[in-house]
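Novice: Listed below, chain by chain, are the residues.
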Amino acid sequence: MGMNRAEEEDFTAFVHERGDRLLRFARLLVPDRAEAEDVLQAALLRLTRHWDKQLASPEAYVRTTLVNLAKDRGKRKHLVPSPSDHSQGPHPSSPDLADGLVARAELDHLLKALPPRQRVTVVLRVLDGLSEAETAELLGCSVGAVKSNLSRGLDKVRESLDPEIMRSAGTQT
Amino acid sequence: MSQIMQPHDAVAEHLRTLAVAAAPCAELRLHYADEVLALARRRRWIWRAAIGTGSCVVVAAGFAAALPSGGDYFAMYQPSGSMSPTVEAGEQVVFGKNLPVARGDVVAVSGLPGIDMSIIRRVIGMPGDIVSCPADESGKCDAVEVNGRAMSESYVVPDREPFAEVTVPAGDVYLLGDARRAAIDSRDFGPVSLNSVYGVGVEVIDVHGESRPIPGTPEHAPPTGQIDPADDPPPAGSVTGPAMPGQADD
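Taken in order, these protein sequences are the chains called A and B.
Numbering-wise (my numbering), the first sequence opens with residue 4 and increments by one.
Numbering-wise (my numbering), the second sequence opens with residue 59 and increments by one.
Take the hints with a grain of salt, since some may be wrong.
To be verified - Here are the simulated DSS-like cross-link-like pairs (lysine-lysine), alpha carbons at most 27 Å apart as the crow flies: (1) A:Lys-115 <-> A:Lys-159; (2) B:Lys-155 <-> A:Lys-56; (3) B:Lys-198 <-> A:Lys-150; (4) A:Lys-150 <-> A:Lys-115.
Read the hints as simulated data drawn from the structure, not as lab findings.
Produce the complete structure using the sequences and hints provided.
Specialist: As structure tokens, then:
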């Protein structure tokens with residue numbers, strides 16, 4: 004059942020190549036970095052158990068698992084390990100990174116207002132660019148539910164947005 | 059983009075801008091893959107040792123006691139009300155280690171993502187089955203359907219909350235707790251690999267040590283030979299504790 008050495012090397016290469024992207028995705032799905040690392044760890048652990056099956060797309064598998072863990076995190080809180088003592092990520096050593104941290108903080112703030120399913124729907128539709136049908140399939144819900152979750156989610160984000168940003172973001176109506 | 063209302067477009071655009079700017083801040087630690095692999099090895103070892111401990115609280119205590127031993131059967135405490143009324147919290151289930159899994163079986167499962175303990179659930183869907191709980195006109199669901207046929211489950215506390223159709227992938231099973239309203243199961247974590255099923259339940263042992271068959275399962279011969287004992291029962295407080303909140307008690 005375990006992985007042999009070659010498989011472990013493949014797995015390591017996969018994490019090196021796709022890990023940052025997957026963490027970024029996880030980071031959008033759940034409220035903070037510690038939790039993002041924890042859900043990603045849970046998803047990758049699960050992947051190790053299926054690695055020998057040569058999945059067509061391990062990345063898709065991890066993304067689906069992340070979505071499943073994230074969408075129910077509110078009502079099934081214990082499914083997601085509580086934040087542990089992870090370091091708080093890289094230090095803002097360059098101006099780029101510092102800007103990024105500011106953006107991250109605002110993004111966290113805006114998305115924090117959303118209940119899990121709305122949050123996941125907004126992330127998949129708006130930030131990940133999935134279609135309504137793709138989102139519905141991934142979430143195991145109807146297209147109607149995707150529409151309403153997206154609309155209610157964006158309403159909530161708009162409520163917490165600074166009115167100034169809304170104006171400068173160019174509402175031409 | 060389609061004709062979403064204009065303000066929504068602006069909100070969406072703003073979110074996208076932020077996400078692009080924030081992206082460089084999410085980088086994995088250098089040896090993250092190694093950490094995961096080390097954890098996987100450790101879990102696999104624990105799995106092999108068939109730690110059937112009922113509660114996170116006793117994982118540490120049970121560690122030494124639950125090293126693999128000889129019998130074909132093992133007992134495990136049910137730590138929560140999620141299989142009530144079939145198996146009440148504090149009762150034990152005797153599992154066969156080498157029995158084939160069939161629909162209706164009550165099984166011991168470990169290694170689920172995010173759940174650091176073994177749990178007991180019922181197999182509702184086998185690989186290839188289509189499982190759903192369709193809503194009627196009142197928006198409620200009276201019976202779980204498998205491949206379009208309603209199951210008669212006299213042993214469950216029904217939930218009546220509908221859930222969407224799921225096709226169980228090859229190599230997986232769909233699990234539900236008998237306390238439908240309270241249980242955390244495949245409705246939450248999806249179908250589960252057969253690899254994580256490590257025991258098939260053959261009987262329940264109540265708190266007085268009396269055994270009884272498990273309702274709703276395929277017929278199983280009573281256990282023979284040595285039964286590996288369960289770890290210590292979970293401490294009283296943890297039985298209805300935070301791990302499985304909101305038990306349905308009627």
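Novice: All the hints need checking, so say for each whether the structure fits it.
Specialist: Hint by hint, here is what the structure shows:
A hinted pair counts as satisfied when its Cα atoms are at most 27 Å apart, and A:Lys-115 with A:Lys-159 qualifies at roughly 10 Å. Proposed proximity of B:Lys-155 and A:Lys-56 is supported: the alpha carbons are some 24 Å apart, at most 27 Å. Between B:Lys-198 and A:Lys-150 the alpha-carbon distance is near 22 Å, which keeps this suggested pair within the 27 Å criterion. With a C-alpha separation of about 20 Å, the suggested pair A:Lys-150 and A:Lys-115 falls inside the 27 Å cut-off, and the hint holds.
When the structure is compared with the earlier hints, no violation turns up for any of them.
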